[in-house]
Each structure stands twice: as structure tokens, then as C-alpha cells.
Amino acid sequence: MALPQDTDPKLAEYAHPERLVTTDWLAANLGAAGLVVVESDEDVLLYDTGHIPGAVKVDWHTELNDPVTRDYVDGARFAEICGERGITRDTTVVFYGDRNNWWATYALWVFSLFGHPDVRILDGGRAKWVAEGREMTSEAPKPEQVDYPVIERDDATIRAFKEDVLAHLGRPMVDVRSPGEYSGELLHMPEYPQEGAVRGGHIPGAASVPWARAAAEDATFKPRAELEAIYLDEQGLEPDDEVVAYCRIGERSSHTWFVLTHLLGFAHVRNYDGSWTEWGNSVRVPIAQGTERGSA
Amino acid sequence: MSTDGLPPQLAELVEDFSDVGPKDRLQLLLELSRELPELPARYADAADTMEQVHECQSPLFLAVEVEPDGDRLVHLYFSAPPEAPTTRGFASIMHAGLDGEPAAAVLGVPDDFYVALGLAQAVSPLRLRGMAAMLARIKNQVRAEVA
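Protein sequence lines correspond, in order, to chains A and B. If you read the first sequence in the working numbering, its first letter stands for residue 1, the second for the next number, and so on. If you read the second sequence in the working numbering, its first letter stands for residue 1, the second for the next number, and so on.
For reference, chain A alone in the conformation it holds in the complex (with noise of 0.2 Å):
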């Protein structure tokens, strides 16, 4: 059974309330039967300094990814990852996690793609609820073993590879990394470790606009309005365009998706997660350097 919605005015706002929660909802609905918490950082031992009590951890790198091709685990890898944390197909998954949930937004998004339904993400993350002096514990969680089914995940929906970018060279598209990587001028940096990629640029047509610009100061979500001054006044976008969306692996994107999808109520976004850790290195890809959009 699915956990009430949050009727929080500020979330109303959103085109998907429904995905969203406040840390007084949580607060108030932590231990319900139903509920799963699910923090999700980008440091890898954060959550083990000390989490919200009850809530169990997903690490992107080392569980959501196959630790040998370069895609996301699979339906039955899936279903132990859920199973051993007491996550049923039934279960509501509340997310949390650090810098202004970018990677609770990535582990929603990868949920999402095995279309769990009820997933939700606690407006102001990891930050907030420790700004607010919530309860934090480092009791590890000891969840029953339940099961979830095993679910073909759906990469046609939410998900762009790299032969669906080129076909959609031309549409919108958003690159939300830092404006130096957009412009090529990052990979201009000697002997330092880079950030993988043998060119630099972006996808010609995409529009920049950094992932963050969509948080708030406490690491929440800005107002519909402020969101919509970003995306649709400023940078032009349609409710009912096709957008893909892209970053350097596909985590900061899915923040961004997470924004156009659920808080915008845009139809058709798709995140692009080979990004360009695989643009950059593609032979014969076409590049556009500096700050201009381009056209491909």
C-alpha cells in the first residue's frame, strides 16, 4: 500500500506532488509499514557516519552499475538489490541523499527504469534534515528479506543512448555540467587526472544550464515558478518538447530530469547516460567548443 501524499503547499505547486516529500512528512511517517528510506551519496561512506534511522543504503557505483559492461544492473540483480533491503513492488521508496540530492536523484531515475511506482524524493535531502537537527543514528538497519519481482528494465522510455542522441541532433537538449566543460575549456588542464574524455565541448544544440541552478539554497527544490523562469523564459523549453539531457555519466542529469519530469511536467525526457565520458571519445561525433549552442 502506497503511503498518503504529502499535501504540502510548496509541493502542490509541482506538476508531480506525488513525488516529492518534506522532512516533516518523513519525520512524521518514519517506521510506517510500507515505507523504505533509501539514502544515496555521492561519498560512499557518508551514510555510514550516520543516516535518518531505519534507512538503508544504495551506492550507485558499487550496486546500481554492472561491475563489468557499462550499463545498470539487471532485472534479477534488481530484485536481491530491493529483496535484502525489505523493498517490495508495493513499497513507497522515500530517497535522500548529499548535494542537493544529485544522487538520490540518480538512484530514483534507475529505479524508474524498472518503473517501481512509488518512488518519492525528500525535498532537501541529507542537508536539510540534518540542518532541521533531525534524528541521525549509525545503528545499521536490519530489514526483513522480502521479494520483488524480476522486472525487464525499459531503456526506450527515460534513457538515451548514443545512436538516439544523433537521431535527435537538431531537438532540444540540456547539458547541465559547469559552464567550463560546456566550452572545452576543462580538458585544458596539464597533468592532472581529467575527466576521461579526448575532446571536449558539448553536443552542438544543447542549451546550458548547470544541474544546481534548479536548488535552493538549503539544498531543496526552487519554487515552480523559479524553475520555470530557468527552463521554460529563459531557455525556451516546451512542456511538450523532446529533451535529452545529459552530464558527464549521466548523474547530474538525472537531477535534471528529475526537475523537467516530475516537478515541470514535461512528457518526454530522456537521460542520456553515456554523456560525455562516451561523446567525448566517439570518433566522427560532432562537437561544438565555447559558448555558443552550435548546430550540428
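One or more of the hints may lead you astray.
What the hints assert, rightly or not - Listed below are several chain B residues computed to face chain A (Cβ distance under 8 Å; list not exhaustive):
1) L26
2) L29
3) S33
4) S58
5) P85
6) T86
7) G108
8) V123
9) S124
10) L126
11) K139
Think of the hints as simulated: they come from the structure by calculation, not from any bench. We treat Cβ as the ideally placed atom computed from N, Cα and C, and that holds for glycine.
Start from chain A and add chain B according to the hints.
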């Protein structure tokens, strides 16, 4: 596991890591992250004199001092926030393994020594890049001091 070319404290750390499984390696890294010494006051008040290690996924600042005489012993100072325990753990490995060693020993550490820690599986290769960058920047500063 080869510890050739490593100063004794660093060699010991590498052995500690390679002796245990991936889960315990993370635990070890967490313990080390708690042992990273506080920044001395002269740096706490002057963060702009420290070098930022941009390759780390979380903000990490580094200062290197080399004694002017004798074996030119190297002293390392790090600053990383508590919400970045992995980065703190990496810095702590550098501190525990290299602080107080002669400049020549620091410069002699193989650039890929961190591979021997066996953290790639537990932490992911991407996150380990910060560690390589930390060593590269330490060596650059030491090199500049002894030149």
C-alpha cells in the same frame, strides 16, 4: 601485494587494506577518516594559502611543508569537511603514510601505489582518481621546495 618503494608507514597501511575484504576496507577507510588531524591554527585562519585538490569530488585543501635542513622531512596538512568522509579517508592515508618522511621517500612513492589498497571494487575507480591527484600535487609541491 607489492609494497616496493613505499615508506614503512604507508607500506603498513597498504598491507592492512589488502589483508581484509572489500567491506572491511570501507570500514578501515571510515576509521582513518576520523583520525585525520585537525588543521593547525596557522592554516585554519589562512585557507587561501592552501592548494585545492580539484580532482576530489569534495572540497579538499592541502598544504605541504618541507624542513629546510637535514633529510628535508615533509609535513602534510589537509582540510576536508566532515560530510566528505571518503575524501578525508584518502587524506588520512596520505597523512599517516607520508607525514614526517624525507622528501626523497615521498618523491619515490609510485604514482599508482593506491591500486595496491584494493579500494577500486569497494569505492569505484572514479572516486580513486582524487587519491592519485592528491599524491601528484604533494609531489609537485615537494619538488618545488627541494629544487
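Hints, one by one, checked against the model:
{"no.": "1", "hint": "L26", "verdict": "holds, 6 Å"}
{"no.": "2", "hint": "L29", "verdict": "holds, 6 Å"}
{"no.": "3", "hint": "S33", "verdict": "holds, 7 Å"}
{"no.": "4", "hint": "S58", "verdict": "holds, 7 Å"}
{"no.": "5", "hint": "P85", "verdict": "holds, 4 Å"}
{"no.": "6", "hint": "T86", "verdict": "holds, 5 Å"}
{"no.": "7", "hint": "G108", "verdict": "violated, 19 Å"}
{"no.": "8", "hint": "V123", "verdict": "holds, 6 Å"}
{"no.": "9", "hint": "S124", "verdict": "holds, 4 Å"}
{"no.": "10", "hint": "L126", "verdict": "holds, 7 Å"}
{"no.": "11", "hint": "K139", "verdict": "violated, 10 Å"}
Hint compliance for this structure: hints 7 and 11 are not met, and every other hint is.
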